[in-house]
Amino acid sequence: MHMENSERQRFEENWKSAFENAEQSPSDRVWWSIDTALTNAEGGSMRRKVVFYKRLAAASVVLALALAGSTTYYLLNEKGTELAVANNQQTTTADNNQKETAAESLTTTTRNTQENTTGQLNRESEVEQLITKPDGNQTQLQLVNNQLALADAEEKSNYTDANQAVLFSKFELNAYDPLAQQSVTDLHPKSKVREVTIVRKLPAMPASMMADSRKKKSTDKENLWAAVNASTGSYGSTAYQDNAQNFLMTSQPSSFNNFVSATSKVKSKGSAYSVGVNVGTRLTERWVLQGGVSYLSQNLGYTSNFAALDANNSRMAIVSEYTGVKQNISLSSTSPYDINSVNELVSIPVQAGYMFVNRKFGLQLNSGVATDMFIRNTLTDKSGQLSSFSESAGSDSPYNTFSWTAIGGTELSYKIGSQYRISVTPGFRYALTPMLKSSTESASPFMWDMGFRFRYILK
Amino acid sequence: MAERFMLNDQELIKGCVKGERASQEALYSRYCRKMMVICQRYAKSTLEAEDILQEGFIKVFASIKTFRGEARLDTWITRIMINTALNNQRQKLYLLPMVDVADARLHESEDVSLAEFNIKELIAMIQSLPDGARVVFNLFAIEGYNHKEIATMLEISEGTSKSQYSRAKSLLKAKLENVSAYGKFGEAKI
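Same order as they appear, the protein sequences are chains A and B. Residue numbering for the first sequence follows our numbering, beginning at 58 and increasing consecutively. Residue numbering for the second sequence follows our numbering, beginning at 20 and increasing consecutively.
Where hints are given, some of them may not hold.
Below 25 Å or equal to it, Euclidean Cα-Cα: the simulated DSS-like pairs (lysine-lysine) are [to be verified]:
hint, chain 1, residue 1, chain 2, residue 2
1, B, Lys139, A, Lys73
2, A, Lys73, B, Lys33
3, B, Lys139, A, Lys494
4, A, Lys73, B, Lys192
5, B, Lys84, A, Lys73
6, A, Lys73, B, Lys53
7, B, Lys84, A, Lys278
8, A, Lys516, B, Lys53
9, B, Lys84, B, Lys33
10, A, Lys278, B, Lys78
So the derived label-pair ranges between C-beta atoms look like this [as the list claims (entries may be wrong)]:
hint, chain 1, residue 1, chain 2, residue 2, range
11, B, Arg98, A, Phe485, 53 to 59 Å
12, A, Tyr513, B, Asn102, 30 to 36 Å
13, A, Asn97, B, Arg98, 22 to 28 Å
Residues from chain A that face chain B, not an exhaustive set, calculated with beta carbons under 10 Å [stated by the list, open to error]:
hint, residue
14, Ser74
15, Pro83
16, Val87
17, Ser90
18, Arg339
19, Asp453
20, Phe509
It should be emphasised that the hints constitute simulated quantities derived from the structure, not laboratory data. Remember, predicted model here, so these are calculated numbers, not experimental data. No residue lacks a Cβ here, since even glycine has one placed at the ideal position from N, Cα and C.
So here's chain B without its partners, still in its complex pose (with noise of 0.2 Å):
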């Protein structure tokens, strides 16, 4: 078993077209923890990040035969996770309509640093944020995509994406400034 996690991605990914379990569970290995943060960032819960990480690795394996290496496997299998995570969360966002958010101002404060929150406060400041300005601001701020991009995506308007956009921002530096003030808390209620 050991000798499977020494393997390289391709071998692995040989292996898993093969429907090989020992080379699946090497691959779930290697990458589910990164794989998790990215769950986690759109989901609400750590229980709900776990049920997208499981729908998406069984997809990864259900299709790893059109892998044509084109892009790096890491890559790959995050755009995947990117994908359920918004399958999981698109039903959310149609029953619970995206609309413009008129009153949300960009907050003009000084910048607080990111450096003394470790990842746990920062996914926890994340899943604060509603389900709308969480999704927006995760594509927007971490994965690069621009309003246009997001408002395709999402089938909104792209007038949505950047309202909920600075509502997420606004509320996330609220937070940050109140951590600063205030001293640090844990675990974000769900």
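The shape of chain A in the complex, shown without the other chains (with noise of 0.2 Å):
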């Protein structure tokens, strides 16, 4: 046994130096070849880089699009609004007799139409003439829809017998779908589920990728994550309330020292912005916590009637929301002119997410709720002409401190090499607690966004 042991020793000691300071020369390929592959690593990182600059600028490209997007489609929502208001106010100036001739003439062509064959034909024509008459206008229109809606509702009460209906559409069926009465197992009668074993023969695979297929994947890294992120968004009111309060006027001149009706009117649409950070951590394979701060602007369109005068009696732009809680305020009646709302608020963010998706690409649904502290409201006439109004949160603000608000939305994501991710993340918020002190609630609690996220994975 022993001399076995020292054979075997001997033996192992013999390769073991035969092979101590042994040399052999590569051919100069080797070299070339590593040469060649570390030209190509240096020249990969670099196409890296360039890639991660191309692809932020292009990400930059698609935040700058949206955000002009949306501020086009406020504006022009904003101008189509505008537009609106005045034809309803010139509407409301014009000619009675007019609208009375247009509406006697829509009735006799309505009779018409039920009377004649070729009815059809008639009203179209009728109604383009409408349409193309030059004094046409808005109403003219409204009054139009109306009376074809009439029209509409009379044809439908000609099939008041709900079963000849029923019998007319069961007819068709029968007359042109004969399988109709047939059941699905009558058509197919001898056809049976069998029962299938599937024998799946995995192919063999080497030991090495089995490895790799233990190996977590990349995504697996992002534990915790900063971001900064933008979203833009619009909110609207609840569509031209007005928020008339009568009070004592008691501005100079002394002509206006009556009750007079103060009227604000809200506008329909609203646009609203916010910028932010926050930082996010994974809380199991699929859920996340995120949490943050950010900055929120607000803003919304009125039309007021009336404006508040200060120390030097200069005028300023205000609407009704403030008359409830400054009694001591000093108004003046003017002609209407529209007022910018602006509401400045922090918000501070805490939402679940569950990950649907958590490749390359992600999909993630988020829910939570924010606490919202409100900052300012300031009033500024559109027109210039009076001076701006700005209030910030207390007693004398109209609007609370605190506010309670749910969110959610969905976050699309890409990953950009390890460490970043960019996503778009069209959201919601809902305001489960008023922003206003009063009942009169002038702003949808709903508001629509659609931001934009660029994360920094920090482990």
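Can you join these two chains into the complex? Each is in its own frame, and there are hints to help.
This is the structure in structure tokens:
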């Protein structure tokens, strides 16, 4: 045994010593290949950097386009709203006889439509005539639509017998589709569901590949991240709500010293934008928790027919929300003017997210709540004739200092390299508590937005 | 360029960390011949050995910033070469899994000296061994790993490692005796 061991050791020692200082020259192609590989690796690194900056530039362009699109949409919408308001005002001052004439002619036209076999054509031609009338306006079009709706309702009333309608539909079905009378099993009487055992042979896989498959995916490393985000969106009012209040005008001249109706109308559409930072962490494989802080600005348009007076009797833009909380405010009647109302808030959102897809492309659904801290409301006369009015949070403000908002949305992301992820974040905000102290809430609790997020993966 | 070849290991490492091609070439030139022998022992042919050498040196340059100087540079490079060779061989070993060789016996015969063989002949003998036996022989006899360590490295049983080594040893002794008895042979057929 001892001899065998020593013989064994001698055998190994011989081989070991034989190779101890052994050297063999490789061919020159080895270094050339290494040199090429190193050059390619350096080039690849440079290319990756270039690709990253290209993608960053592309993302910036997309963000800029989204912002420009949203702004354009908002501006056009606002213009359209203003035009609609102007038309309505014109309509109220227009000649009522003209309206009545148009209504009478429409009624006659509708009667003719019912009686005439070619009524459809007549009606269309009448509508066209009305639309193409040089003095036609919004009111005429609305009347046309109303009359057409009435005519349609009358036609529908001819089919009051529900059974007849059902019979008619059955007749049609039987006449054109005889297969409808048969059940699906009748059509395939002999078909049976057979149990089939699927045997799937797995191909042999080298262990090295199996070992690779056991490796954690690169996305598993996303456990903590920080992000900057920006979003823009729109929110609406409760559609032309009149915040009218009667109060005593105490301004000069004395002709206003009586009770008049001061009214401020809210525009139907407002816009909002926010910028912020947030951090997120992964709780489980699929669930994440995100929180942060963001600055939120909400813009809403008003039309007001009164102004506030400061100590120097200079007139400031104001809306009726303030008349309830500012009892000692001096007011003055004016011709209607447009006001831009800007609410500034600091929002602290906390969201839970569920990652449906967590690969190079990511799809995440977020939901949570935000505490909104009101900072300031600024009212600006769009024409610039009146000075701006600004009121911070507090007892004099018609706005609550704190309010709660439910937030939710989707995050569609794309991972860049190992450290970055960019996302678009369409989402919504729903006010759980009113922003205004008074019950007359002028803004809809819903707000839609589209955001952009740039995430840096910390670990 | 010649000055680069006069630099010590530390200076070469610094240059390689910076990505200086001249330093990388100098480091390669200094160690490629020694590493070539290691690669040849694990490979079936010279061409395959050169592929392992190339892949190994690319790994060396990619990870040289992690070299802390706790071991000698040539020891560190040797370890990378062996790992590269094992990765290369492991795929083959799993496609042709090693099994226990039941009839493997230690060849009981007089010791044959290796002194009469040059390094090319010895490499050719090792390259003529079956894949599994060749890898286990290198790891056990030359690198000095025990069978338990080899079993872990190759994800095989300890018994398989022992039987593969016995087979390698038996085959090598037979070759040595054969050559001693009938004269030397040239490069082993691949």
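Hints versus structure:
no. : hint                            : verdict
1   : B/Lys139 x A/Lys73              : 15 Å, holds
2   : A/Lys73 x B/Lys33               : 32 Å, violated
3   : B/Lys139 x A/Lys494             : 94 Å, violated
4   : A/Lys73 x B/Lys192              : 15 Å, holds
5   : B/Lys84 x A/Lys73               : 31 Å, violated
6   : A/Lys73 x B/Lys53               : 14 Å, holds
7   : B/Lys84 x A/Lys278              : 23 Å, holds
8   : A/Lys516 x B/Lys53              : 40 Å, violated
9   : B/Lys84 x B/Lys33               : 9 Å, holds
10  : A/Lys278 x B/Lys78              : 24 Å, holds
11  : B/Arg98 x A/Phe485: 53 to 59 Å  : 58 Å, holds
12  : A/Tyr513 x B/Asn102: 30 to 36 Å : 34 Å, holds
13  : A/Asn97 x B/Arg98: 22 to 28 Å   : 25 Å, holds
14  : Ser74                           : 8 Å, holds
15  : Pro83                           : 5 Å, holds
16  : Val87                           : 5 Å, holds
17  : Ser90                           : 5 Å, holds
18  : Arg339                          : 28 Å, violated
19  : Asp453                          : 64 Å, violated
20  : Phe509                          : 36 Å, violated
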